[in-house]
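Peer 1: Please arrange chain C on chain P, whose structure you already have, making use of the hints.
Residue numbers (this note's numbering), protein chains in the order written: chain P, 1 to 252; chain C, 1001 to 1217.
Please note: incorrect hints may appear among the correct ones.
[Unchecked claim] Beta-carbon label-pair distances, calculated as ranges:
| no. | chain 1 | residue 1 | chain 2 | residue 2 | range |
| --- | --- | --- | --- | --- | --- |
| 1 | C | E1195 | P | N36 | 52 to 60 Å |
| 2 | P | V173 | C | L1169 | 34 to 42 Å |
| 3 | C | S1064 | P | E90 | 18 to 26 Å |
| 4 | P | N8 | C | N1126 | 30 to 38 Å |
| 5 | P | K185 | C | L1169 | 37 to 45 Å |
| 6 | P | G170 | C | E1195 | 28 to 36 Å |
| 7 | P | T202 | C | S1091 | 52 to 60 Å |
| 8 | C | N1098 | P | N36 | 38 to 46 Å |
| 9 | P | V15 | C | K1199 | 51 to 59 Å |
| 10 | C | E1189 | P | K14 | 49 to 57 Å |
| 11 | P | H134 | C | L1169 | 22 to 30 Å |
[Unchecked claim] Below, a list of computed lysine to aspartate or glutamate pairs in the DMTMM-like style, where the Cα atoms sit at most 20 Å apart:
| no. | chain 1 | residue 1 | chain 2 | residue 2 |
| --- | --- | --- | --- | --- |
| 12 | C | K1194 | P | E104 |
| 13 | P | K76 | C | E1163 |
| 14 | P | K158 | C | E1189 |
| 15 | P | K51 | C | E1163 |
| 16 | P | K105 | C | E1195 |
| 17 | P | K51 | C | D1176 |
| 18 | C | K1194 | P | E90 |
| 19 | C | K1194 | P | E96 |
| 20 | P | K105 | C | E1189 |
| 21 | C | K1177 | P | E136 |
| 22 | C | K1177 | P | E73 |
| 23 | C | K1177 | P | E56 |
| 24 | C | K1177 | P | D12 |
| 25 | C | K1199 | P | E73 |
| 26 | C | K1194 | P | E73 |
FYI, nobody ran anything at the bench for these hints, they're computed from the structure.
This one's a predicted model, so the numbers in the text were calculated from it and none came from an experiment.
From the three backbone atoms N, C-alpha and C, an ideal C-beta is built for every residue, glycine too.
Listed below are the residues making up each chain.
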Amino acid sequence: MLEITNLNLYIDDKVLFSNLNLTINNGEIHVLMGKNGIGKSSIAKTIMGDKNYKVEGKIIYNGQNITNLSITERAKAGIYIIGQNPIQIEGVTNAEMLRAVLAEKTGEQVNIFAFNKELEKICSSLELDKSFIHREINVGCSGGERKKIELLHMWMLKPQFIILDEIDSGLDVDALKVVANSLKKYYDLYKPSMLIITHSNTLINVFDNYFVHLIANKQIIKSGDKNLATDILNKGFKEISEESNTFVISEN
Amino acid sequence: MNKLLVSDIIDIKKGEYYFKCQTNDLVINVTDVVTIYLFNENLAKLDINLNKGSSLKIYLFNNSIQSNLEVNINQSDDSKLYYNAAFINTSDVLYKINNYIKGNNNISNINIRNISNSGNSRIIINVDVLSNTKDNIALEDLKGINNGGTVHIEPNIIVLSNEVMANHLTTIGSVDKNALEYLMSKGLEYEGAKEILLKGFIYSNMDNKIGENFGGD
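Bound-form chain P, shown alone (with noise of 0.2 Å):
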């Protein structure tokens, strides 16, 4: 489904991450682990087409190559991110935008009726106030909220590639077990490819499988299965870098 071959990520002339090679099947889900500051989150928004990085190389989406489509082009291709901290757009409400984005994509006026029975049965599962759904995106919202707008809007548009950078940092146990819950379920039902952005594994324990990466010295040092994940929780990124016989240097 996504293959990132041989790519240079850049930010300023600053080089971010030399020769990644990344390849995500259909239906797995991969975990990038590492410390703060590392890049994690610039190879999220690179996948989504942000234009603040300068890319060398191919990123390559169900046979086509994307490395120069633009973010609405990648969007309507599956490609979904959920950042670490969406933004809040003051005077568009998230049935507006929802309605505008099906209506393009299907190039029909939405069934108001379906389309709001829809949001409501959604928010419910989320555990979020149905007026949410004619509220302003993210306005007010506190850092739970947004991320459960982020599912809501997910669960709408209904992609086939997901981004998840650090959707659980911030959350409530009660919140966390929601946007998990939430998680499961859609991968149960849709069955996407995944990339998950984390430093715990509380929310991708509720996954069976998934692969891990660690990510260290601009590049992925060590990949494994789920075994990995809890390895680097306990020892730290550290030791499991010396383990793998690659030197850390600063991320600064």
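Peer 2: Below, chain C alone, put in the same frame as chain P:
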């Protein structure tokens, strides 16, 4: 809601009014708690007199302002003003408000949103809290978006009294790049994302009834 075609001078008491008029010059005298929705592309001069104890919430929406507008607002004692205006200009335009607070215990809250599609938009808001007055509040929230044209805002609060709470917020910018990219990441084209953001901005200080009566959502 009362729907009236009005001209020149109107005296209004308690209630909610929807005015669609073509007059160039309008005087509104308020003596009670009133909400007004006003649509007029040709309005050049608007005088508002808030009598003692009165309250006015006014919404002026103009999606293609055609002429300069000068608004003079007089407040005496114990009055409340919530002035909300949103307009789009496609040519040079001057939008000027002179708000005179002459007595005690008044609230003046002026909110303006402007998108300048072409030409220069000059917004001058003068709130004068006169001497020998007390317990007045003067607030200005003025925002403009340069969208091909240019917005210029002059927020002036002139206070000649010691006991006043005054604050002004002025922002001029272009369409938020992060917001654009956020909406594009959901699947909207650049133009569609921009349109939805501009629409959200211009309606952000408007009541829902503006949409119902003037064709918006």
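Peer 1: Now tell me, hint by hint, if it's right for this structure.
Peer 2: Now for the hints, and whether the structure bears them out:
1. E1195(C) x N36(P): 52 to 60 Å: Violated - the Cβ-Cβ distance for E1195(C) and N36(P), about 38 Å, lies outside 52 to 60 Å.
2. V173(P) x L1169(C): 34 to 42 Å: 38 Å, holds
3. S1064(C) x E90(P): 18 to 26 Å: 23 Å, holds
4. N8(P) x N1126(C): 30 to 38 Å: Check failed, 57 Å falls outside 30 to 38 Å.
5. K185(P) x L1169(C): 37 to 45 Å: Holds: the Cβ-Cβ distance is about 43 Å, inside 37 to 45 Å.
6. G170(P) x E1195(C): 28 to 36 Å: 32 Å, holds
7. T202(P) x S1091(C): 52 to 60 Å: Roughly 58 Å apart at Cβ, these two residues keep to the hinted range, so it holds.
8. N1098(C) x N36(P): 38 to 46 Å: Taking Cβ atoms as reference, N1098(C) and N36(P) lie about 54 Å apart, which means the hint is violated.
9. V15(P) x K1199(C): 51 to 59 Å: This hint is violated: roughly 41 Å between Cβ atoms.
10. E1189(C) x K14(P): 49 to 57 Å: Given range 49 to 57 Å: violated, Cβ gap about 31 Å.
11. H134(P) x L1169(C): 22 to 30 Å: 26 Å, holds
12. K1194(C) x E104(P): Between K1194(C) and E104(P) the Cα gap is close to 14 Å, so the pair holds against 20 Å.
13. K76(P) x E1163(C): Distance of about 57 Å is beyond 20 Å: violated.
14. K158(P) x E1189(C): The hint holds at about 18 Å.
15. K51(P) x E1163(C): 52 Å, violated
16. K105(P) x E1195(C): Between K105(P) and E1195(C) the Cα gap is close to 17 Å, so the pair holds against 20 Å.
17. K51(P) x D1176(C): 15 Å, holds
18. K1194(C) x E90(P): 13 Å, holds
19. K1194(C) x E96(P): Holds - the C-alpha atoms of E96(P) and K1194(C) are around 14 Å apart, at most 20 Å.
20. K105(P) x E1189(C): Holds, at about 10 Å.
21. K1177(C) x E136(P): 18 Å, holds
22. K1177(C) x E73(P): Answer holds: K1177(C) to E73(P) is near 17 Å, not above 20 Å.
23. K1177(C) x E56(P): 24 Å, violated
24. K1177(C) x D12(P): Holds. K1177(C) to D12(P) sits at ~18 Å (cutoff 20 Å).
25. K1199(C) x E73(P): Outside the cut-off at roughly 23 Å; violated.
26. K1194(C) x E73(P): Holds - the C-alpha atoms of E73(P) and K1194(C) are around 16 Å apart, at most 20 Å.
In summary, the numbered hints that this structure violates are 1, 4, 8, 9, 10, 13, 15, 23, 25.
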